[in-house]
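The primary structure of each chain is shown beneath.
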Amino acid sequence: MAKLIQTEEENLLAEAAKGFLSKSSPVSRLREMRDGGKSSDPDLWQEMAAAGWAGVLVPEAADGSDMGHAAAHVLARAMGRNLTVSPFLSTAVMAATLLRQFDDPATRQKLSQISAGGLTYAFALDEGAKFAPQSVEMTAEKRGNGYLLNGKKRFVVDGCEADRILVLAKSEEGLCLFDLANSNKGLTQDPLDMIDSRDAADLVFDDVEVSGEALLGEPGAGFDLLKPALEAGQAALAAETAGLAEAAFAMTTDYLKERKQFGITIGSFQALQHRAAHLCCEIELTQSAVLNAGRILDQSPNDAGLAVSVAKARATDTAQKSVQEGVQMHGGIGMTDAFDMGFYMKRARVAAEWLGDYGYHAGQVAKLRGF
Amino acid sequence: MAKLIQTEEENLLAEAAKGFLSKSSPVSRLREMRDGGKSSDPDLWQEMAAAGWAGVLVPEAADGSDMGHAAAHVLARAMGRNLTVSPFLSTAVMAATLLRQFDDPATRQKLSQISAGGLTYAFALDEGAKFAPQSVEMTAEKRGNGYLLNGKKRFVVDGCEADRILVLAKSEEGLCLFDLANSNKGLTQDPLDMIDSRDAADLVFDDVEVSGEALLGEPGAGFDLLKPALEAGQAALAAETAGLAEAAFAMTTDYLKERKQFGITIGSFQALQHRAAHLCCEIELTQSAVLNAGRILDQSPNDAGLAVSVAKARATDTAQKSVQEGVQMHGGIGMTDAFDMGFYMKRARVAAEWLGDYGYHAGQVAKLRGF
Amino acid sequence: MAEVDEGRDLVAFRSGIRDWLEANCPSEMRDGAGGEEAICWGGTTWVFTCEAQKIWLERCAEVGYTVPTWPKAYGGAGLSRDEDKILKEEMQALGARSPLDSFGIWMLGPALLKFGSEEQKLQFLPPIARGEIRWCQGYSEPGAGSDLAGVQTHAADQGDSWLVNGQKIWTSYADRADWIFALLRTDREAKKHLGISFVLMDMRSKGITTRPIRLISGASPFCETFFEDVEVPKHQVVGTINRGWDVAKYLLTHEREMISNGGNVMGSGRALGAVLAEAETGQSDPVLRGEAMRAEIDSLALEMTLERYKDQAEGGQGVGDASAMLKYMGTELNKKRLELIMAADGAAALTWGETPASSWLRTKANSIEGGTSEVMLSIISRRILNLPG
Amino acid sequence: MAEVDEGRDLVAFRSGIRDWLEANCPSEMRDGAGGEEAICWGGTTWVFTCEAQKIWLERCAEVGYTVPTWPKAYGGAGLSRDEDKILKEEMQALGARSPLDSFGIWMLGPALLKFGSEEQKLQFLPPIARGEIRWCQGYSEPGAGSDLAGVQTHAADQGDSWLVNGQKIWTSYADRADWIFALLRTDREAKKHLGISFVLMDMRSKGITTRPIRLISGASPFCETFFEDVEVPKHQVVGTINRGWDVAKYLLTHEREMISNGGNVMGSGRALGAVLAEAETGQSDPVLRGEAMRAEIDSLALEMTLERYKDQAEGGQGVGDASAMLKYMGTELNKKRLELIMAADGAAALTWGETPASSWLRTKANSIEGGTSEVMLSIISRRILNLPG
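Residue numbers (our numbering), protein chains in the order written: chain A, 1 to 371; chain B, 1001 to 1371; chain C, 2001 to 2389; chain D, 3001 to 3389.
It is worth saying that the hints were derived from the structure and are not from the lab. The beta carbon of each residue, even a glycine, is placed where N, CA and C say it ideally should be. Careful: at least some of the hints might be erroneous.
With a cut-off of at most 30 Å between alpha-carbon atoms, the simulated DSSO-like pairs for lysine-lysine come out as follows [stated by the list, open to error]: (1) B:1260 to B:1003; (2) B:1260 to D:3121; (3) D:3234 to D:3249; (4) C:2310 to C:2085; (5) A:257 to C:2336; (6) B:1227 to B:1185; (7) A:260 to C:2336; (8) B:1003 to C:2121.
Pairwise CB distance ranges, derived in the manner of DEER restraints [unchecked claim]: (9) A:250 to B:1268: 27 to 33 Å; (10) B:1190 to A:220: 42 to 48 Å; (11) D:3011 to A:172: 57 to 63 Å; (12) A:264 to C:2007: 53 to 59 Å; (13) B:1223 to C:2388: 51 to 57 Å; (14) C:2388 to D:3106: 35 to 41 Å; (15) A:116 to D:3095: 27 to 33 Å; (16) A:11 to C:2386: 48 to 54 Å; (17) D:3211 to B:1023: 50 to 56 Å.
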């Protein structure tokens, strides 16, 4: 097993990402996007693709850089720090991980397009309000060579803007995974007015006809195919959320050093010091969990479940604590929309739910640890 | 509903209890008892009975003072502060509450003996390691006019010293409640070496023969008869535990005001101040819950379940926090047996488990609140 | 839950109140509605939501029931504490809405009654009671935070008047208020607490402008208020010049006492248990369920404590500094409650609109406004526990 | 989990070690036993639990494997960091017990190697390596607590010797130790940190007495140690007179680094998950279950952090102040873990004997000894976060 410290390459990548994002994606860019009534930032994604980020998990044979999950986490963490809006997780992490399980020309073509920033994906997973990827009521009915899809999926991240949708539906043969165009007839997108200002939609499948080619892999194998993509997404989201937690904490400690109350720098109040120190420890443990998930995904992806759930649970929890302390320690200014902390808090909330919240992953950990 | 403040009579009773116990039952008395290898203090109980405490819930017709549950809580709380060892809860609170449901001369006689300090009781409740009063494997087999009891009960508080035992067993007619002498043939007491240094035992019933008179009430009605006694005991134990929490906290705040480190009174460290202030709030809320349980038990005992479980859960939790902060804030000295805090911590742990721990009562609250 | 023995006079009083309410409270005002929408704030900018709201205000004002305990001379009904309690109980029994709520009633009124001159009382109290002047509060300043006495907004002495320059923040509804009561620095040389005056200003004065503050939870009643060369006659100072901190302190204590009388420490909205019972994972996720049980137990204990303090207050025993405990525990618990509601509702809570999202974000201010949790803990430490420093 | 690429030399070294262990480690010492019972403390008071324990110590001491990285001249084997790691891995693979553990090896040795005179090194290090002298540590004093530099035990200058009077506390195994290394006040006039010396004393000196301390968890290795007119030759000072605080500081940092190298921050004993799986209410009580899940997740993340720090240390990057984070989180988590184990075991845990009760109570000291949690948080605040004060 590789060491639990960032390699020299990863350090360089982190530096490069930081430099790129501080220029191209400060938090003010998210604010402008929101104030402009938009929920996505396609230009930024093109820049990121040009920097090679879209192909981080695309095999070299499909024109990707194939740098691996740990490298993807370095990028996700940097994006988390800046609240960067992009289809990186859905497309570059999850869809690439899913599709690279297939080695046919058509899939290679899709992967190559992903790497070039020319194709984006969204995963239509949830049917209820909580993450439960194996609870599928959506149906796939055999119709000639293809299928007829009917059902509803909720909280589809990037669901409005994505070019294509990956979706599980149950057929007579079990759960089937489909890859279809988001423009398919009968498929409608109800945009959600998300608190984190990003693209998400409820998708309604009303007699959506897809050809046999839309089915990925064998019928009935849908969830097995989906699983690596979910785990990759959960771990990368943990990395993003850990980055978010760090950035919110850094804002807070900076403020503790600057701000005076009753004539004293508030960072010299011991009660705040101890709370900040505790949060520092929480963040440290979470970083370890994220590093560990990256290492295991790269080296023995089939055993990654525990590492991924620990990382996602820890990152979710740490980010909540970080933004909550962030608002409280900033006082009134932390509550104003004019200050950035609120954006961190809202994103932390959405990231907490997406791909399984603390309770979901805690349940996974308990199961994998035998209790 | 009476007000949630102590009445003038209750204030006077509290003062009297404080005075009595500071003389007759300082914590050093528990220490002497333990160091002397004893687990009970019958002399003290005689003094308490002489002061009228044993009859606090005994009807006046049976020579009691019948002051009610709130008054019993005033006494229990004072005993909790001093870690007083006595059969007050088992006998004066629980057995009296149970027996006064019957109005026959024989029961009146027992109640009168309780009030005089001449008769003590223990409740044999648990068969497993956790409180679950309706999980009964112990059997009562009809044998002539009486019953044959077989089974094992664990963690019977006051189980060695009590004169009589109250126990649930299942017969063909359902759960039956029996009142039998602890000296009964076939009944053996395995004393437990308890961390709180008090009397508790595992009881083994091996073909214990009891007469028909030992059966209280109707066959099958055992749990219904037991329930008021359990609730009375839980609430009084909450009061005792709340008193324990207050006393441990008072020791801690006193120490914070005296102790110097690095030349400064440690109570001036803001981190400790805020933790102490938080604990102060926890104790305040718990006091309210205990007051409320007393009021409801006195006024509408049939609706007391929620109030009792809130009180027991809060007191359990608050006491743990109080003794944990107590040891930590005292530092090394708090860890030594020569200092009293350890006695508080151990009693808090036993009191947490007896008659249902936090999780048990939280479950009751959830059930009663409809989720 | 609490009920006291009532003497014969009070029984008669209760019956009189009941009759009056029955005869005068319009049916539309008996819907038991609460929350922001049901409030009548009054003032010149007020638009009544319906004719009944206007009638209800006028009828109450006529007999002094908008401010029942104020003396009749100042627009009140001169009720005793017991009588006031009966009025509130009977209104609640009928589901009657409050006829008028305002910072004038809650805050300025009590301050004027204690510190105001007779002229000030006669000038301002009756219009407050009739809902004719809407007030806002100008305490906080940008950068001052918990340090309320760090007032920078300056009132320069011009003989008969002050010339005011500076900025206030967190002035609720400043954009709709007619008047403001504010703390101004009237002596820059004196010690921090000794150079402040408590001043009343007409919001239509030349040089006052306001700007609403958007919160992380969305639009809010809070404003920034700017003062640029605003002239204020000196007789609009309440109490002694440079001793405004005494008035402010009185109001802060009064505010916390109000909170302990059942104010909105606990937050409102759906009970946690109900949320969980409806939620998809309510039964299956032990983390959420366990934490919800804990929050439910704590909420119940807090309710009991509120009730206990009310009983204490009725018994004539002031709550005093203990209100800091309620403020702290209530607001922290309310934050926790909304976190759990958000988790229980899952993705359904992540959008704006008919979701708990906005309330959730708004609760984050609970432990900042009206004294931060940290300030409350320090008050408890010093005044209740008597810890040093 | 981590494995580095090994050069050819190291591969040969590993194979040599393996052969040596196979040939020399008695089978009784290969049982993988850990914990207090398996330890060989050495010293003149030591009674070997079996002949094999004695043989194993002697054989290791002969080749320097009791202190593998110490120079050969002082009784070590002069191993490099990589070679030492291989030795430990191979011992672990065989389940071999540690031949000798002592405060002499962990604490005094490193201090002597850095600060001792050549005479002191030659006098003390080889006997430590052979397990002939058992040491105890005399730092803490009654009433000093976290303020380690508040040393009161006084060493009066008598020309060639000191006359020592005072009291130490928390001296582990003082009643079985041959020698003590202690901080003494050698200059009462100097500033607190500048009048302390680091002194070695024979525990059989006239005037030294010890008394065991009983803890809330029961008997303990801790003692109080009393000094009454004890004569100590001056050449038994390590380092410069009055600069003993430098030695103490070095040892404190060294101690925390050791902890971060996988010391017993995490506690040992049954894993929480296993306890819960066996417990009667493990599945049905959501409060307990939810908290156990949380503790399990935190334990795993802490393990990963330990591993990460080890990897950092191997990469030559010191852990430094970050060890305060491990100490704090590890000990707090261990306390939580034992609380949950107590709850899971219910009434079965409430007696002395074969229950977790004693361990549970003992964990309460984890966050006090070796620097309290509060001290750790202040270190993190100042040295990692650079907060003022």
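Taking the hints in turn, this is what the structure says about them:
Proximity of residue 1260 of chain B to residue 1003 of chain B is assessed by CA-CA distance (about 42 Å); at most 30 Å being required, the pair is judged violated. A C-alpha spacing of about 39 Å is found between residue 1260 of chain B and residue 3121 of chain D, which places the hinted pair above 30 Å, so the restraint is violated. About 21 Å separates the Cα atoms of residue 3234 of chain D and residue 3249 of chain D, which keeps this hinted pair within 30 Å; it holds. Between residue 2310 of chain C and residue 2085 of chain C, the direct Cα distance comes to roughly 11 Å. Compliance with the 30 Å bound is thereby established for this hinted pair.
With a CA separation close to 28 Å, the supplied pair residue 257 of chain A and residue 2336 of chain C stays within the 30 Å bound. Restraint check for residue 1227 of chain B and residue 1185 of chain B: satisfied, since their Cα atoms lie roughly 28 Å apart, inside the 30 Å limit. At most 30 Å may separate the alpha-carbon atoms for a hinted pair to count; residue 260 of chain A and residue 2336 of chain C meet this at roughly 28 Å. Distance hint between residue 1003 of chain B and residue 2121 of chain C is unfulfilled; the C-alpha atoms sit about 37 Å from each other, more than 30 Å.
Roughly 30 Å separates the CB atoms of residue 250 of chain A and residue 1268 of chain B, a value that falls within the hinted 27 to 33 Å. The supplied range of 42 to 48 Å is broken by residue 1190 of chain B and residue 220 of chain A, whose beta-carbon atoms lie about 58 Å from each other. Judged by the Cβ atoms, the range 57 to 63 Å given for residue 3011 of chain D and residue 172 of chain A holds: they are separated by roughly 58 Å. Our hint of 53 to 59 Å for residue 264 of chain A and residue 2007 of chain C holds, since their Cβ atoms are close to 55 Å apart.
Between residue 1223 of chain B and residue 2388 of chain C the Cβ separation comes to about 54 Å, which falls inside the hinted range of 51 to 57 Å. For the pair residue 2388 of chain C and residue 3106 of chain D, the supplied restraint of 35 to 41 Å holds, since their beta-carbon distance comes to about 39 Å. The hinted window of 27 to 33 Å between residue 116 of chain A and residue 3095 of chain D is violated, with their beta carbons roughly 56 Å apart. The beta-carbon spacing between residue 11 of chain A and residue 2386 of chain C, approximately 53 Å, falls within the hinted interval of 48 to 54 Å.
In this structure, residue 3211 of chain D and residue 1023 of chain B break the distance hint of 50 to 56 Å, their C-beta atoms being roughly 32 Å apart.
When each numbered hint is compared with the structure, violations occur for hints 1, 2, 8, 10, 15 and 17.
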